[in-house]
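Colleague: The primary structure of each chain is shown beneath.
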Amino acid sequence: MNNLATDFERLTQKAEAERKKLGAVRDQVVQALYREAQQIAEKVVKKEENKRDLDRTIDNIVTSKLLGYPLMLALLSFIFWLTISGANLPSALLADLLFGFQHRLTAFFQWVGAPAWLHGVLVLGMYRGLAWVVSVMLPPMAIFFPLFTFLEDLGYLPRVAFNLDRLFKKAGAHGKQILTMCMGFGCNAAGIIACRIIESPRERLIAILTNNFVPCNGRFPTMITMAAVFMGVLVSGYNTFAASFLVAGVVVLGVLVTLAVSWVLSKTLLKGVPSTFTLELPPYRLPKLGPLLIRSVLDRTLFVLMRAVVVAAPAGAVTWLLANLQVGDLSILAHLAGWLQGFGHAIGLDGFIVLAFILGLPANEIVIPILIMSYLAQGMMLELDSIDALRELLVNNGWTWLTTLNMILLSLLHFPCATTLLTIRKETQSTKWTVLAALIPTGIGILVCFGVTQIVRTLGLV
Amino acid sequence: MAVAEFELTQLPIGRMAEVVKVGLTGLARNRLLDLGLVPSTIVEAIRKSPSGDPVAYKIRGAVIALRSEESRHITVRSIN
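Chains as they are written, first to last, in the working numbering: chain A, 1 to 462; chain B, 1001 to 1080.
With a Cα cut of at most 20 Å, we get these calculated EDC-like pairs of lysine to aspartate or glutamate:
#, chain 1, residue 1, chain 2, residue 2
1, B, Lys1048, A, Asp55
2, B, Lys1058, A, Glu280
3, B, Lys1058, B, Glu1018
4, A, Lys47, A, Glu36
5, B, Lys1021, A, Asp27
6, A, Lys271, B, Glu1069
7, A, Lys20, B, Asp1034
8, A, Lys51, B, Glu1044
9, B, Lys1048, A, Asp53
10, B, Lys1058, A, Glu42
11, A, Lys170, B, Glu1069
12, B, Lys1058, B, Glu1069
13, A, Lys288, A, Glu152
14, A, Lys288, A, Asp55
15, B, Lys1021, B, Glu1044
16, A, Lys267, B, Glu1069
17, B, Lys1058, B, Glu1007
18, A, Lys169, B, Glu1069
19, B, Lys1058, B, Asp1034
20, B, Lys1048, B, Glu1069
21, A, Lys169, A, Glu280
22, A, Lys288, A, Asp299
23, B, Lys1021, B, Glu1069
24, A, Lys169, A, Glu199
25, B, Lys1058, A, Asp53
26, B, Lys1048, B, Glu1007
27, B, Lys1048, A, Glu280
28, A, Lys47, B, Glu1044
Which bits of chain B does chain A cover? Going by a derived footprint, with three or more residues having C-beta under 8 Å, they are:
#, region
29, 1038–1048
30, 1063–1072
Bear in mind the hints are in silico, worked out from the structure with no lab data behind them.
By construction, the Cβ of each residue, glycine as well, lies at the ideal position given by its N, Cα and C atoms.
Kindly produce the complete structure, drawing on both the sequences and the hints.
Modeller: Laid out in structure tokens, this is it:
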């Protein structure tokens, strides 16, 4: 055994020595390649100076000391505003269409004489859950993803990384983490796969563990809906403009939490020096509309929607069963929510909301549908085809602006969905980091909601 | 006449210089070599990020941002 170890050591030493020799060779090879390439390029490449001047002018503005940061924030708010205000009408139309079809389905089930429980599971559980997910998620996604893909193709995102790198360096993280966060806006699982672009294992792990602090597309609809409800609870007749600022504010909060958690991780569990950072700022290109739409609509919007649908259908059925199967004089769901009520109340929510987050583990998209279903199963059935109807339902169930705010906060700060957790497990090959990836945000979320709630209640604001 | 050599971090924005030496090792060195940062390459400092670091350089037609941690190890000499 000992012999083998010394043999191995000798071998690695020899390899190391050879590699050093090769290093010098590598330098020469690279130099020769570049000399050759330069000679060829000088002969054949014609330069367009005008285009370059324009690029510089744009960069002078978007990375300037004065306007760099405000422009990023304004752009972010503008995208949310377009998404929220643009999605209102199509969402309402889709809801009308899909919930209208539900009556046909009900009529059909009655016509064939299907038992009530079958109608409940399939129509009131599965179909309603599906209809909600599609009508609430599809329009914002179909607006948000093309806009975001546009910025991506334009070449703006590397400039964001360029502007913000200093903050990430201070937090002991890699500037490219910003790019993985941008991907996280679409889907955290995709964002975590994107962390492969960070070469250093330490910084990659930081990026993986904090990606969840960027609200993904499954949580955006929740936040946007809640922001709209919030504005309505706060000032009657909601204002999309204020709602978009609120969502942008939540995103900024997410970035701040990302930086703070990255900093703590790089000082404690993941100590080490920052690795190299090189980031290309590519020339600006006006994106081609066709490929942009194909990529954003087919690859992103429909992909994420399909995933949500696949999860929403069974989850809807399970929730309906939980809400309608009685144990004693209460449904299983009400029993579970009752157990969680004390905890929920302490963090400014209620048992049903906490339960909805837990049952929403398969996918964040279904948190609100589950919540609505559990509230509806308690009382009368009503058509939920508008924000106002939703607000009424929530207010009837004891919601205040504090509940709505905590709902938004917890939506930002809680465990990643099951798909994301599986992806983290796959990328890190470690159960420990996967568990931490769930515990860190959940812990922070509970603390934040608890703190906010206690402060607001002490001050007597609700 | 000997031309003054200095760190790339000291190159003022808008000025050009020629790379003399890349004083990094391992992965970091390979990364910079891949970008074309080899001795005799001409580098132009283009812009600073709003917070002062990183700085974007034009290297062989591409604009690459480097943190001061890296550019500190690159020795350049000024050219006219």
